[in-house]
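Hey, can you work out the whole structure from these sequences and the hints?
Just so you know, the sequences run in chain order F and W. For the first sequence, numbering that gives the first Met the number 0 assigns the number 0 to the initial residue and increments by one for each residue that follows. For the second sequence, numbering that gives the first Met the number 0 assigns the number 0 to the initial residue and increments by one for each residue that follows.
Some hints could be false.
Pairs of lysine-lysine residues, derived as DSBU-like cross-links and limited to a Cα-Cα distance of at most 30 Å, are as follows [unchecked claim]:
hint, chain 1, residue 1, chain 2, residue 2
1, F, Lys131, W, Lys74
2, F, Lys74, W, Lys63
3, F, Lys342, F, Lys5
4, W, Lys283, W, Lys238
5, F, Lys131, W, Lys63
6, F, Lys63, W, Lys238
7, F, Lys63, W, Lys74
To be clear about the criterion: a stretch of chain W counts as covered by chain F if any three or more of its residues have a C-beta under 8 Å from a C-beta of chain F, and this derived list gives those stretches [stated by the list, open to error]:
hint, segment
8, 69–77
9, 169–182
Since the hints were made in silico from the structure, they are not lab data. Ideal Cβ placement from N, Cα and C applies to all residues, glycine included.
There are 2 protein chains.
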Amino acid sequence: MREPHKRVAVLSPIAWRTPPRQYGAWETVASNVAEGLVARGWDVTLFASRDSVTRAHLHAVVDKGYEEDSAVDPKVAEYLHISEAFERAAEFDLIHSHYDFMALTYTRLIRTPVLTTIHGFSSAKIMPIYQKYRDGYFVSVSDSDRAAGLNYLATVYNGIDLSLYPLQDSRGEDLIFLGRIHPDKGVHLAIEVARLSGLRLIIAGIVQDEAYFREQIKPHLDDQNILYIGPVDVTGKNKLFARARALLHLNTIPERFGLVLVEANAAGVPVIAMDLGSCREVIKDGKTGFLVGNVAEAGRVLGRVSEIDRRVCRNRVRQHFSIDTMVEGYERVYSTIFDLETKRRS
Amino acid sequence: MREPHKRVAVLSPIAWRTPPRQYGAWETVASNVAEGLVARGWDVTLFASRDSVTRAHLHAVVDKGYEEDSAVDPKVAEYLHISEAFERAAEFDLIHSHYDFMALTYTRLIRTPVLTTIHGFSSAKIMPIYQKYRDGYFVSVSDSDRAAGLNYLATVYNGIDLSLYPLQDSRGEDLIFLGRIHPDKGVHLAIEVARLSGLRLIIAGIVQDEAYFREQIKPHLDDQNILYIGPVDVTGKNKLFARARALLHLNTIPERFGLVLVEANAAGVPVIAMDLGSCREVIKDGKTGFLVGNVAEAGRVLGRVSEIDRRVCRNRVRQHFSIDTMVEGYERVYSTIFDLETKRRS
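Right under this line is the structure:
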């Protein structure tokens with residue numbers, strides 16, 4: 000399957016550095032793909048912000064992620080960054096885009112095949128572009144997060160670097176929430192579960208919806224039982240995992256993948272997740288956590304957290320959600336594309 | 000100069016219909032270029048919203064201007080619309096883009112030459128894209144609105160359809176303001192002049208800066224001497240011109256071109272304009288209006304408005320700012336490009 004003589008361009012988003020310092024799921028996965036490919040001998044060029052950290056060749060036209068640099072107009076930065084990769088298409092055998100719908104609009108102007116990993120459909124309004132380019136090559140990050148009619152070659156689950164999230168020695172006492180502070184992520188439901196159970200809840204993540212934070216989260220913070228500690232980096236996540244009884248992920252809309260579920264499981268932390276979208280692909284109910292339908296159920300399964308074997312959680316991540324597993328998945332997809340392109344041209 | 004066997008794509012913006020129903024200067028000019036080229040025998044394809052009105056071949060991928068259709072995401076619409084023109088590049092001998100910096104990022108992926116008319120630099124943040132693509136083909140709409148280092152082939156002044164703005168029989172009594180309600184356009188200065196002079200001021204145009212309107216315009220409206228009548232179409236503009244003593248255009252930043260100055264002059268209405276940017280290219284001081292440096296000067300020259308010969312105003316527009324003059328200008332630029340491309344390829 001390996002074809003290390005092939006040159007691959009990995010097009011990462013530029014909202015944040017690749018890999019991100021804190022939040023930035025898409026940049027995290029693009030980084031893991033690039034580093035994983037390099038480790039397996041591929042010739043990889045990473046298109047990302049200039050402050051990115053990589054063992055691949057880095058090609059950058061913007062200095063910093065636009066979320067980290069107010070001097071930059073995101074629209075300008077995106078047009079510059081995306082087009083740059085396509086202008087250099089002839090240098091590559093494949094462009095692997097982790098960018099959103101925008102990159103698709105350049106794909107018909109070049110000869111190099113483009114694979115797009117769809118990390119999520121942010122809005123129904125972007126679907127006309129996916130529909131126009133539906134004959135392209137697509138990968139979904141979960142079986143559940145698929146749009147009808149697109150030419151999917153496979154689902155490739157996101158993979159994490161397990162060495163970043165060591166298995167914690169023992170179970171902690173607190174409930175934790177980790178993710179964007181946004182109604183989609185059900186932070187308010189996690190608070191309800193904490194109140195019902197009388198357990199402490201520690202909330203970490205960037206505030207993406209200010210009004211939601213102000214109205215539905217902040218009034219509950221008491222420095223005692225419901226705490227908000229802001230965004231956290233890898234070290235901060237591990238500190239949280241060390242004190243975690245369980246991670247609460249009571250998403251209110253279908254989850255696309257849920258990287259944080261995997262990170263928690265890697266550290267041996269059971270995950271209580273709403274049974275929506277990809278959660279049942281990531282969490283094995285009763286083995287690595289629990290899938291629930293509402294707050295009351297979430298409260299009930301808290302009593303069963305001790306049934307979860309921490310090593311089973313980690314092993315499942317190693318098997319299904321490691322960088323190696325992900326990169327092997329992409330290598331199979333790349334091979335398929337190279338075969339299809341060879342046939343198409345012969 | 001005419002090469003009607005050549006196929007030209009005119010890429011219009013899609014904020015509004017082409018031509019716009021009311022406001023939409025860039026779409027107005029793109030429309031005038033397309034219609035003017037058709038009238039002179041060129042094979043023209045206009046890329047614009049589907050509800051556009053044209054004698055050219057219309058190619059559309061979005062139904063309506065995104066400012067007129069809340070169902071559409073502007074970013075999505077722009078990516079779809081712009082890329083569509085470039086995907087069809089092989090069908091054309093030239094793409095004439097009236098789009099902003101975004102279209103430039105596709106130009107290196109096609110073989111068809113692209114001419115960009117820069118209708119204005121909306122922000123310093125877009126300059127990195129112009130600098131990257133500075134070797135492209137550019138036209139400025141006034142000598143004053145140029146950025147250093149770009150490969151300008153010419154200044155081609157915007158042209159209007161004079162038949163839309165007939166010469167008014169006689170001078171009206173009121174002062175008029177026509178344009179976006181935005182601090183750049185100095186609506187507040189026009190109000191000052193009206194108050195100083197005791198003349199009535201009628202303000203027309205879209206509100207682009209809500210806070211400015213609320214704080215600096217609305218408090219002065221009295222239904223008597225200072226009136227705001229909202230945006231106006233061509234009929235509305237002519238009604239305004241009929242009652243106009245002079246048009247006040249006391250812009251606070253350099254004007255890029257100032258289509259409304261030309262429309263007023265076409266109707267025989269003298270223009271009192273701030274001497275900033277292109278205004279001195281469009282208005283001939285003492286002949287078709289007056290160039291001033293501040294409100295006091297604007298007040299003083301009001302007494303000299305009777306010196307302005309209405310037919311001189313219109314004749315100057317016919318000579319320098321008509322569709323025919325503009326299209327002849329563009330035909331010269333197109334010829335230059337075809338010659339350069341022929342040399343480049345030989």
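Structure-based check of each hint:
With a C-alpha separation of about 16 Å, the suggested pairing of Lys131 (chain F) with Lys74 (chain W) holds against the 30 Å cut-off. The straight-line distance between the Cα atoms of Lys74 (chain F) and Lys63 (chain W) is roughly 22 Å, inside the 30 Å bound, and the hint therefore holds. Between Lys342 (chain F) and Lys5 (chain F) the alpha-carbon distance is near 17 Å, which keeps this suggested pair within the 30 Å criterion. Simply put, Lys283 (chain W) and Lys238 (chain W) have alpha-carbon atoms about 24 Å apart, close enough for the 30 Å limit, and the pair holds.
About 18 Å separates the Cα atoms of Lys131 (chain F) and Lys63 (chain W), which keeps this hinted pair within 30 Å; it holds. A C-alpha spacing of about 52 Å is found between Lys63 (chain F) and Lys238 (chain W), which places the hinted pair above 30 Å, so the restraint is violated. A hinted pair counts as satisfied when its Cα atoms are at most 30 Å apart, and Lys63 (chain F) with Lys74 (chain W) qualifies at roughly 22 Å. Only when three residues or more bring their CB closer than 8 Å to a CB of chain F does the claim for the segment 69–77 of chain W stand; here the count is 5, and the claim holds.
Under the rule that three or more residues need a Cβ within less than 8 Å of chain F, the assignment of the segment 169–182 of chain W is violated, with 0 such residues.
Hints 6, 9 from the list above are not met by this structure, while the remaining hints are.
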